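There are 2 protein chains.
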Amino acid sequence: MHGELIGDRVVLGEDAITKLYSTSYYGRLKEGKLELSLVEAAYLLKEGKISIVHGEKPLDFKEFFVIASTLMKNFELKYIVYKDMRGRGYYVQPSVTDFRLYPRGGKPGKTRAMYFVRAISEREPLPLANILHYLEIAENMRKHIILAIVDEESDITFYDVKKTSMKGETKFTGGKGDGTLLEDRVIVWDSALVKVLHQKGFFGKPLDEERLQLSLVESAYLMKKKVLKVTDATGNVIDVKTFTKRASEIEADFGHKLRVYENLRENGMVAKTGFKFGSHFRAYEKVESLDRLIHSKYLVHAISKDHVFLLPELSRAIRLAQSVRKRMIFGYVTGKNVGYIDIGRTKL
Amino acid sequence: MHGELIGDRVVLGEDAITKLYSTSYYGRLKEGKLELSLVEAAYLLKEGKISIVHGEKPLDFKEFFVIASTLMKNFELKYIVYKDMRGRGYYVQPSVTDFRLYPRGGKPGKTRAMYFVRAISEREPLPLANILHYLEIAENMRKHIILAIVDEESDITFYDVKKTSMKGETKFTGGKGDGTLLEDRVIVWDSALVKVLHQKGFFGKPLDEERLQLSLVESAYLMKKKVLKVTDATGNVIDVKTFTKRASEIEADFGHKLRVYENLRENGMVAKTGFKFGSHFRAYEKVESLDRLIHSKYLVHAISKDHVFLLPELSRAIRLAQSVRKRMIFGYVTGKNVGYIDIGRTKL
Chain A
1 MHGELIGDRV
11 VLGEDAITKL
21 YSTSYYGRLK
31 EGKLELSLVE
41 AAYLLKEGKI
51 SIVHGEKPLD
61 FKEFFVIAST
71 LMKNFELKYI
81 VYKDMRGRGY
91 YVQPSVTDFR
101 LYPRGGKPGK
111 TRAMYFVRAI
121 SEREPLPLAN
131 ILHYLEIAEN
141 MRKHIILAIV
151 DEESDITFYD
161 VKKTSMKGET
171 KFTGGKGDGT
181 LLEDRVIVWD
191 SALVKVLHQK
201 GFFGKPLDEE
211 RLQLSLVESA
221 YLMKKKVLKV
231 TDATGNVIDV
241 KTFTKRASEI
251 EADFGHKLRV
261 YENLRENGMV
271 AKTGFKFGSH
281 FRAYEKVESL
291 DRLIHSKYLV
301 HAISKDHVFL
311 LPELSRAIRL
321 AQSVRKRMIF
331 GYVTGKNVGY
341 IDIGRTKL
Chain B
1 MHGELIGDRV
11 VLGEDAITKL
21 YSTSYYGRLK
31 EGKLELSLVE
41 AAYLLKEGKI
51 SIVHGEKPLD
61 FKEFFVIAST
71 LMKNFELKYI
81 VYKDMRGRGY
91 YVQPSVTDFR
101 LYPRGGKPGK
111 TRAMYFVRAI
121 SEREPLPLAN
131 ILHYLEIAEN
141 MRKHIILAIV
151 DEESDITFYD
161 VKKTSMKGET
171 KFTGGKGDGT
181 LLEDRVIVWD
191 SALVKVLHQK
201 GFFGKPLDEE
211 RLQLSLVESA
221 YLMKKKVLKV
231 TDATGNVIDV
241 KTFTKRASEI
251 EADFGHKLRV
261 YENLRENGMV
271 AKTGFKFGSH
281 FRAYEKVESL
291 DRLIHSKYLV
301 HAISKDHVFL
311 LPELSRAIRL
321 AQSVRKRMIF
331 GYVTGKNVGY
341 IDIGRTKL
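Chains as they are written, first to last, in the numbering used here: chain A, 1 to 348; chain B, 1 to 348.
Hints are computed from structural coordinates only; laboratory data are not their basis. On a predicted model such as this, the values are computed, not experimentally measured, just so you know. Among these hints, one or two may not hold up.
The list treats identical chains as interchangeable, and a pair is accepted whether it falls inside one copy or across any two copies.
[Said to hold, decoys possible] Here are the simulated lysine-lysine pairs, BS3-like style, with alpha carbons at most 25 Å apart: (1) K19 to K33; (2) K276 to K297; (3) K176 to K62; (4) K224 to K167; (5) K171 to K297; (6) K195 to K83.
Chain A with its partners taken away, still in its complex shape (with noise of 0.2 Å):
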């Protein structure tokens, strides 16, 4: 079957209509004839399915590509993505967010596409306003959205996004006394609290069996819940605002990690430092004891909403989480509320 690249669009005659889209669903319909993408036609070109003519010219699959390349941003991300897709026996689709997949032994026009993919550069910062506008793309459409990131040697990885809610059963309630902040800890003397805080609420780490240690997370969440009240090492009483401002010269993303903190507890979710798997916390729906503390699920990043992802980062973050068995959460401060997506690889 011969196409004739016109602008960024291959077209065929009638013949095509039968053969490639009634039956494998390929391009679209446009006036009697067949419309491919320039995507579409790279592959079928390669599948040695159709021949391509600019103006007089015939393109081999080299010079398709090349021009292909200059016509479409990011053509050969694109191009490596829908190959793959196909090359596993799915039906793919141009959509707006890059591809619609259906599911495996869905078709067009008899099954609904479940996924709108994105294929994307593992080099390409990734805003979360994007991640968010993909989102809202596919509620609408009742879709899920799959990344396809592509590394630089073409190599796929697939992550699905969803929202999601963090809920759990510990609620703490109780508790008065003082603390002194040391640093970048509060120390709290007082035994009686720091049984309460601990055992009740599964707050801080023993210093020793008497005395607790509070992270500044914890402590600005306690003074905040009046708990809590905590001087500086020469006795000085320091208020919550001075607080998180010292907090926020130590730690810089201070701000939303409170926020994300708060929230969780709030919500009855247990919180503590994720410090060993990289991110900002681990958390629990439900803990009956810190001694045994039960598998966590989730690792919780707390980022902020203008957060601009750097691939790698977010591969290395959910391959650890997934490694430990738990999900990659990220939390993110939306005006007075916070939000959440669940990131995870996935396999096609």
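We have chain A already, so just place chain B on it with the hints.
Relative to chain A, chain B alone:
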């Protein structure tokens, strides 16, 4: 036993020498008296082995702890680490890098100390220069370096750090041909060159049966070796300098990434992308075929000489490497050479 806080030392009388120094190796002798560091004194105070006065005033644990933390930067960190090591039965003495640790069963005066331990807060940015400085001290004294990183909940993770070299058995010579730079990868169209590059040199990834995609570092390396000539989409030849400049615009750390890649290759290692692990490269000592790659032992991340480690990221990188049974190696460019350091979690 009674001690007196004088400056940043706690001084005890002659009786303490037998009871604390001779049997348990606390403190140092000074003019017939025993001098304890603040950390040693806090530990012995908590254990109820000594009491401390400041002038005439007796100090309880809280009072001493608060004063000590104003006298010494990071006092509470050092206390946490010291207490942990002593609590597990190790002999520990102050040293230039915080502590000198004796091997299990070893004793000061009888055994050589094995490790220099440095206590660091997870929040403290750690310049590569500092690590290299510790390594130099350790090398001169024939000791190893351990970083004791204290997270916000005062949990300690121990890392051992050593210099290493990267040597493999894969040498590549030969081949000559063209490629086209399309955005962030180079495509090689000539199937003879494709075969040599892919099967003999283990470069690139097939775009399809006949064509090969090379990453930017692979391409720059092969251009410098005069194996590859690269043109842009319009057919103009790109020289190495222009290519490197363009690649550095796409990838900010391209410069040192390329230097480390070249060094690995020149030392017979095969380096492939480490994107899935959040690092620049996975590195193989020996490759027989890219279709059945054996397990790679190393992840290598290229950093600049003035790199500053953020410890949560370092923690994540090492944890991930170890979860896939690889060593985490950092390659840094130093003048004309490339140095490698190997950082791994260790248990005391």
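Each hint tested on the structure:
no.: 1; hint: K19 to K33; result: within (12 Å within a copy, 98 Å between copies)
no.: 2; hint: K276 to K297; result: both (15 Å within a copy, 22 Å between copies)
no.: 3; hint: K176 to K62; result: between (73 Å within a copy, 19 Å between copies)
no.: 4; hint: K224 to K167; result: within (21 Å within a copy, 56 Å between copies)
no.: 5; hint: K171 to K297; result: within (18 Å within a copy, 46 Å between copies)
no.: 6; hint: K195 to K83; result: between (60 Å within a copy, 21 Å between copies)
When each numbered hint is compared with the structure, no violation occurs for any of them.
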